[in-house]
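Using the sequences and the hints, build the whole thing.
Given next are the chains, with one letter for each unit.
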Amino acid sequence: MKKQLIELRVNGETCELAVEPQRTLLEVLREDLGLTGAKEACGTGECGACTVLIDGKPILSCLRLAIEAQGWEITTIEGLANGEKLHPLQKAFIQYGAIQCGYCTSGMILNAKSILDENPKPSKEEILKGLEGNLCRCTGYNKIVEAIIEASKGVD
Amino acid sequence: MEELSFVGKSVPRKDGVEKATGKALYTVDMVLPGMLWGKILRSPYPHAKILNIDTSRAERLSGVKAVITGKDTLGIKHGFVETPRYPPDQYPLAMDRVRYIGEEVAAVAAIDEYVAEEALGLIKVDYEELPAVFDPEEAMRPDAPEIHPSHPKLKEPYKNVGGKTETGWGDMKKGFAESYLVREDRFEGQLRTHCYMEPQATLASFDLTGKLNVWTSSQGPFIKRAKLATTLGLPFSNVRVLKAYVGGAYGGKVDLFSHEFCASLLSIKARRPVKMVCTRQEVFEASRHGQPILVELKTGVRKDGTLIAQQVKVINNSGAYRGSGVVVIFLCWGFVMLCYRIPNLKYEGYSVYTNNPVRAPQRGHGAPNLRFAVESQMDTIAEELGIDPVEIRLKNARQKGDILPNEDSVRNCGLVECIERVARATQFKERYGKRKAQEGQRIRRGIGMGISSYMSGSLIYPNTSAAIVKLNDDGTVSLLTGALDIGQGAETILCQIVAEELGISMEDIRVVAADTETTPVDIGSWISGGTYVSGNAVKIAASDVRRQLFEVAAQELEANPEDLISKNREIFVKGSPGRSISFTQAVAASIAKRRGNPIIGQGHYRTMKEVPMHPSLATTKGRWSDNYAFDAQVAEVEVDMETGQVKLLKATTAHDCGFPINPLLVEGQIDGQVSMAQGHALWEEVLMNKGKTLTTSFLDYKIPCTKDMVESHYIDVITERYEKDIPYRTKEVGEGYVSGMVAAIANAVYDATGVRAKTLPILPEKILMGLKEKGNSPR
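Protein chains in written order, with the working numbering: chain A, 66 to 221; chain B, 430 to 1208.
Keep in mind the hints are simulated off the structure, nothing from the lab.
Please read these numbers as outputs of a predicted model, since none were measured by experiment.
Among the hints, a few may not be true.
Computed footprint of chain B on chain A; a stretch qualifies when at least three of its residues, placed anywhere within it, have a C-beta under 8 Å from a C-beta of chain B [stated by the list, open to error]:
| no. | segment |
| --- | --- |
| 1 | 98–104 |
| 2 | 111–121 |
| 3 | 162–173 |
| 4 | 177–186 |
Here a beta-carbon is modelled for each residue, glycine too, at the ideal position from N, C-alpha and C.
Given below as C-alpha cells:
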C-alpha cells in the first residue's frame, strides 16, 4: 500500500515518518524508530507485552495503526527513566525480583505506571485488577505486585 | 565459618536495568543490514506422501530471494536423542513424507514479511493422504497405520513404539504377596504447553568467509551449534551461535527447530541475513508442546502404610517424531524411585509415535504428570488404611545415605524435614479431612500435600561447563561463560560467585556470555544443572585468579599468601590494615615480574566426573546426578460446590535446594512453578482434533493471569554449605516444584469435595460429574 507521511510524538520528541497505512503502531515503534522495548508476544491484543502509554493511558500498540496515533503523546518504556535516573517502578522491579525473562516487563511497568498515576496508593486488589491484561509466565506475578506496592510507597 | 558477602544473599539481577528500561535485545529485536524475512509453508495433513513440490511461481515473485524445500537440504536427520538405539528420525525440512499438521515443507526468504507470506501461497504441493493415528494406545495396535518402522530392538507386539524403557529392582511377586492392600489406578496427564512470551525466533547471517552467525531464542548455544552444523553439513567451527536475551523457554526451546535450520539455509542460499519469527498461532499449532503421559500404577502396602511394591507403566504420546519422548519415559522411572523407599519396583515406559506435533521437555519433563499419579494414589491408600497423609509420606520418605536403584547415592536429603516443616507451617493435620464438617456449605475448603524430587544436572552433550575470569588493568574483572540466562538469573548467580571469591562488587564484573566463538563451552540452561555445574566452573576460575593475585601480592607485601584477604579490589594482610596493594597494582606487578602474565583464571566442571557417559535410556543403568533436590508442597483450595470452580488460595513449598545462592531468585523460581502448576492442575490443556490444534491463542489456551495469583510461601531446608576453594553442591530449583504442587492441588480438591481426579486438568465439569456419580447433591 502507498505510504503516508505522518508525525508521531514519542517520548517527548516529534518524529516524521512515511508508513504504509496497514502498519501497526507497535511495528512502527519497533522497526522504524528502533524502540524495541515494546514487545509482540501474540499480535492480537491478548497479552499486554506491547503496552505503551497514550496521554498517560495504557493501550495495546499491536491493535492500533500508526496512522491513527498522530497527535497523541506516546510514552514507551525507553521514555520512562529520566536520563540515568530510573523511575521508582523500574527500580522496584529490579530490587524486588519482579523481572525474570523480562519479555513482559515493559508492558507491565507502563501499565503499573498508569495505575499509580491514577491512584498513588492502590490496594493489592486494585493492582491485580489493573494488570489483568498483562501476561507473565515466569513470576506468578507475586514479585511484580510486591514491587508495585513498594514503588507506590515512594510516590506521593 | 567464614562470612559470606554475596553468595547466599538476595542480590538483584545483573541484567535488571537493561530489562527494566527496554534496552535488552531479544532475538525478535535483532536487525542486520540487508536483512530478509523468512516464512515457512507447513503441512495441512496429519500424514501424507509428498508427491511433488512446485516452487517456480514463488521464485518468480518480485522480492523473493530464496526458496527451499527438502531437496535443497543434505537430507541429514536430527533428533533430541541421537544414540545407536535411537538414531535421529526427523528431517529439518520434510523430504517425501509429512507426519503431522504443521510439519515444515518449504521456506521462503523475501524482502519483507508480506512478500514472504504471499510467496508461500504460490508454492504448490501435491500430497497423497495416508491413514493417520492420534491416540497412543490406538497407535500401538498391530493394525494401526505405521508412522515409522519400529527399531529392530523394539520389535514388540506393539506398533509405532519409538522407544521403550524397562527396569526394576527387588521381587515384585514377593512384594505384592506380602501386601495388605494392593491398589491399581490409571491416571492421565494432559497435553500442555510452555507459553514462553517471546515466540520462537531466529536471525541467521551467513558471511563471505563461510561462517554462519546465528542468534536464536534458545536455552543454550552449544547444542544449537552442534545440531545446526550437523544438519547443514558445516564444520562446527563455521557455525557461531551468539547471545540474545531470551523471553522465556521452560524447556520448549531446547533441541533444533526447523525455523532455525531454514533461516540458516535461506541465508546461505541468499547470501543475506534472514530473520524468522513464528507467530503465536504457529507456536501453538506447530511448535513443540510438553509431554502428555498415561500412568498405570499398581501399588502394594503393608497395613501400617509401608510401601513394599510398585509397578508402573507409562505411555507417552511422543507425536510424529521421537523428540524428547524417549527421555521422558526414562525420567519417569526416576520420578518414581526418587521420592519413596520402595523395596520392589517394576517400571516400563513406552514412547509412542502418533500423527501429532512433536513434543519437547516442559519444566519437570514428565514429573508433574507422574507425581500427580503417584501422590494421588498415595492419598487414596492412606485413606483406605486410615493413616494421615503426612504420616504415610514420612514413613516412606527417601532419606540421606540411601543408595538408589541406579547406584546414585542420596548423599544428602532433606525430604523428611520438608514434610515435617510444611505440615507444621500449614497446620496440615488439624485442617485435613474436614469434609464432613463442611457438609451443606456451598464453598468448601481443602488441603493437600504432594512431594517430588528432581536431579541437579546430568550428563548430556556437551557434558561440561568451563569458564574464564580475566583481571583487567583497572582491577575489574571479565567473566567469560557459555551459560545462557533465560530469565532464571544465571548471569547474576555466576557473578555472585566471582564477587565472593575475589572480594569485589557485582558492578566490578562484566559478563560475556553464551557465544560459541568467544566463550567456553557450557551445558546449557535445560538440565537443571546450571548453578551446580556452570557455577562450580566459574568458582574454580575465580579462585584461580585469586590464587594468582595472592601469589603476586604476597611477594609485593612480603607476606604469606595464606595471610591475605581481598576486598573492594584491594588485597590486605590480615591484621595489618596498612599493608595492602590494589588489584591494579597487582596486575601491573604480575605483568612486570611474572613474564607478562596478566592474570587469567580458568575452570571447568563436570557432574559425576568419574562416570564416562549418560545412563542407558533403555535399561536406566548408570548414574544420573550428583545431587537431588527434594520438596514437599501443600496446596489450600476453595471449591464452589455448585459450579465446580476451584480456587488455589495458598501454596507452601518446603524445599531442600541444598544452599540457595540467591534466595530472591529461588523464590522467583518457586512462584513461577506454583503458577504453572496451578494452570496445569486446573485448566490448561492443548486441545486437538485429529492432529489439528484447536487452542491457537492465549484466549483459547488460558495461562494464569494476575487475577489467579496465588499466595506463595517458602520454607528453605538448607542441607549444603558454600565454602571458598571447594566445589559446592547446590541443588536444582528450576523444575521440581511444579510437580509436588500439581499433586497437592489434586489432593486438596479431593479433601474438599471427595472427588478424586484421575485426569488433568481438573475442570469444574469433572468435579460436578464426580459429585453426581457419588450421589451427592452439590450441597
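Enumerated hints in conflict with the structure, sorted upward:
Of the numbered hints given earlier, the structure breaks just one, which is hint 4.
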